[in-house]
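Protein chains: 2
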Amino acid sequence: MRVLVLGGDGFCGWPTSLYLSDKGHDVTILDNLSRRKIDIELEVESLTPIRPIGERLRAWTEITGREIGFVNLDIATEYDRLVDVLLETRPDAIVHFAEQRAAPYSMRTSATNNIRATHNLLVALVETGVDAALAHLGTMGVYGYGWSGSAPIPEGYLTVKVPTPDGELEREILHPANPGSVYHMTKTLDQLLFSFYAKNDGLRITDLHQGIVWGTQTEQTARDPRLINRFDYDGDYGTVLNRFLMQAAIGHPLTVHGTGGQTRAFINIRDTVRCIELAISNPPVAGERPQVLNQVTETHQVLGLAKLVADIMNADIAYLPNPRREAEENDLIVRNDQFLALGLEPTTLSDGLLEEGTEIARRYRDRVDPSKIIARSVWRKGMETAEDLIKELPDED
Amino acid sequence: MRVLVLGGDGFCGWPTSLYLSDKGHDVTILDNLSRRKIDIELEVESLTPIRPIGERLRAWTEITGREIGFVNLDIATEYDRLVDVLLETRPDAIVHFAEQRAAPYSMRTSATNNIRATHNLLVALVETGVDAALAHLGTMGVYGYGWSGSAPIPEGYLTVKVPTPDGELEREILHPANPGSVYHMTKTLDQLLFSFYAKNDGLRITDLHQGIVWGTQTEQTARDPRLINRFDYDGDYGTVLNRFLMQAAIGHPLTVHGTGGQTRAFINIRDTVRCIELAISNPPVAGERPQVLNQVTETHQVLGLAKLVADIMNADIAYLPNPRREAEENDLIVRNDQFLALGLEPTTLSDGLLEEGTEIARRYRDRVDPSKIIARSVWRKGMETAEDLIKELPDED
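So the sequence lines, in the order shown, correspond to chains A and B. Everything in the first sequence is counted per the working numbering, starting at 1 for the first residue and increasing by one. Everything in the second sequence is counted per the working numbering, starting at 1 for the first residue and increasing by one.
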């Protein structure tokens with residue numbers, strides 16, 4: 001397949017691009033390198049030393065003999081160029097990672113950036129008539145946590161009963177949106193865009209509600225140091241499990257926001273890349289509603305993860321205020337039947353890959369800037385400021 | 001109250017601004033005059049001759065002795081100036097009409113324009129800490145038509161039963177979104193923004209799901225010809241009842257899209273302005289979810305309206321393809337209990353105001369450009385083109 005990977009220079013996009021290329025697909029990355037520019041603005045770098053995109057791509061060709069195309073393009077602001085690329089490449093599939101990830105980072109601009117990016121892409125598909133299967137990276141965060149009590153979170157759609165004057169109607173609805181951050185909110189907007197353009201224009205769309213990604217390397221990125229994947233550890237972009245590993249590696253207490261009673265869904269980066277190929281190989285047909293798959297393999301309570309890492313690596317735990325308005329504790333049971341049916345064999349925490357993370361965190365510990373570890377962004381009106389957060393942090397060793 | 005009216009130069013915004021000023025509120029209009037600029041691009045004008053904003057405002061002061069402020073500002077692109085205006089005026093209430101209305105007009109840019117406008121406003125309120133009650137003009141179109149069978153459309157929220165392993169949970173959810181156009185889709189995105197910022201930041205928001213507005217003048221706009229309100233008759237911006245009146249006035253067949261079996265909700269412009277004052281005078285308190293009110297007073301089937309106007313004004317009816325993907329016929333029962341409880345006394349079609357429209361359409365019939373009557377925009381991939389539409393139109397007299 002000819003595949004465009006939008007955002008193919010990022011933490012999920014890069015290993016996905018290599019995996020798809022390795023599997024024989026003809027891959028072109030579209031990326032404006034914004035994630036690297038955000039590093040500059042935040043004055044923080046990936047824990048792992050990532051190479052410039054050109055060097056990465058040359059290394060891949062040198063090692064595998066395969067070429068990956070690259071176009072430096074901002075889909076949120078360069079609509080006409082996006083149309084040109086679609087017409088030139090006529091892709092069979094498009095993987096859309098091109099949204100700014102961090103919840104609090106520059107929330108006003110990233111929210112409108114994300115919605116413009118997705119909307120531009122949809123309109124460009126309609127305008128060009130390019131009939132590509134679109135796979136978009138959503139998030140488990142669209143469902144919120146704790147909304148459905150003991151009921152498992154379904155895959156995108158929920159069957160409900162609606163009262164009528166004569167009794168009840170059964171209706172299948174998009175699962176109600178309960179985002180806990182601006183970033184997750186933008187993914188709930190995306191869902192409505194997808195529903196509309198699937199219905200109105202017959203676009204073929206898969207929305208992948210991904211859990212928290214852990215791990216760093218895939219089989220492909222591990223082949224050469226120049227192919228190494230990102231590892232974000234800072235308070236804005238780092239995700240929970242990778243952050244615990246880094247914190248333990250440098251003797252920093254593991255920072256738990258709230259009680260740690262939050263249960264979240266997880267997936268290893270090696271499964272992310274497999275899921276993407278499964279998704280674009282099994283798209284919906286035109287006229288169908290968007291296909292929604294939960295891209296997760298297991299759930300864990302945050303505090304349980306902290307204790308696990310603390311035990312393995314002999315670390316302390318520090319409790320910080322929770323920036324999200326949410327229950328202190330929640331259950332989480334998530335359906336992922338569709339990926340299992342498509343053949344996904346989950347990589348779980350018990351598979352020993354924590355060691356890989358531990359090893360990477362230890363190898364690159366000298367690259368950590370300790371001042372970037374604590375999340376300092378203001379997530380909502382009236383929340384504790386950075387200074388409050390720091391004051392409440394126990395003294396470090 | 002100090003009230004900002006965003007989009008206060010438009011069809012609903014202008015009479016609302018005058019009404020609120022007349023009621024003693026201290027009104028400032030924020031508007032980028034985009035509706036007038038769209039007239040220029042579409043090469044069409046309001047059927048009624050509207051005056052430049054400065055002249056309108058001077059006339060209002062001359063007649064009433066009251067001042068209405070005006071700031072030429074694009075809230076979608078001038079975030080910093082918006083923040084400045086909020087800090088200078090510290091409004092008690094904000095009425096947000098500042099979204100581009102027409103469904104098909106420049107759908108890509110208007111959709112992202114609308115979402116940026118609303119998001120900028122919300123973030124500016126959070127950033128400035130201005131605790132204004134926000135009333136936003138939504139649309140009945142967010143609910144879609146025919147989704148709930150014989151059940152009345154509730155006001156924003158729907159109580160549903162969700163299956164669980166142990167039985168059922170009752171949950172109140174935002175009514176599922178079923179927009180029939182890009183424009184209505186943007187209003188469904190607004191709803192999610194409102195839910196998030198009400199929950200996360202305690203913003204006080206009322207979303208007014210308005211029906212199709214008919215009528216032209218209010219008590220205030222009728223006081224002087226320089227205060228006259230817009231009357232859009234073109235295929236992009238004109239709304240159904242006003243278009244029928246104009247078509248009949250010039251001997252054009254009344255254009256019905258589809259079978260005319262669609263039932264829609266309506267409200268007279270005189271009730272719109274009253275509803276706005278009721279809404280901003282009865283806002284939710286901080287911490288509450290957004291308040292949603294259905295701003296409608298009656299429902300009619302489109303063909304029934306066409307026949308009514310055809311009878312009164314001796315006109316023919318022409319059937320054109322329907323650009324929306326929707327059922328040919330639908331029932332529509334809409335709850336509007338909240339506005340009735342707040343004291344709204346509905347102005348209905350039977351109240352003789354059709355005569356006003358008829359009179360205006362006849363008085364200004366020479367201003368009609370017949371080439372602008374048929375809707376020529378492409379609403380979706382594969383729909384009939386303008387040429388198809390014209391071919392199918394019966395010969396005009």
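These aren't lab readings, by the way, just hints derived from the structure by calculation. Owing to the predicted nature of the structure, the values given are computational and were not obtained by experimental measurement. Honestly, I wouldn't trust all of these hints.
The list makes no distinction among identical chains, and a pair is therefore deemed to hold if it is satisfied within one copy or across any two copies.
Claimed, not checked - The calculated lysine to aspartate or glutamate pairs, modelled on DMTMM-like cross-linking and capped at a C-alpha distance of 20 Å, are: (1) Lys-161 with Glu-172; (2) Lys-37 with Asp-236; (3) Lys-307 with Glu-41.
Hints, one by one, checked against the model:
1. Lys-161 with Glu-172: Answer is both; intra-copy 9 Å and inter-copy 12 Å each pass.
2. Lys-37 with Asp-236: within (14 Å within a copy, 42 Å between copies)
3. Lys-307 with Glu-41: neither (33 Å within a copy, 63 Å between copies)
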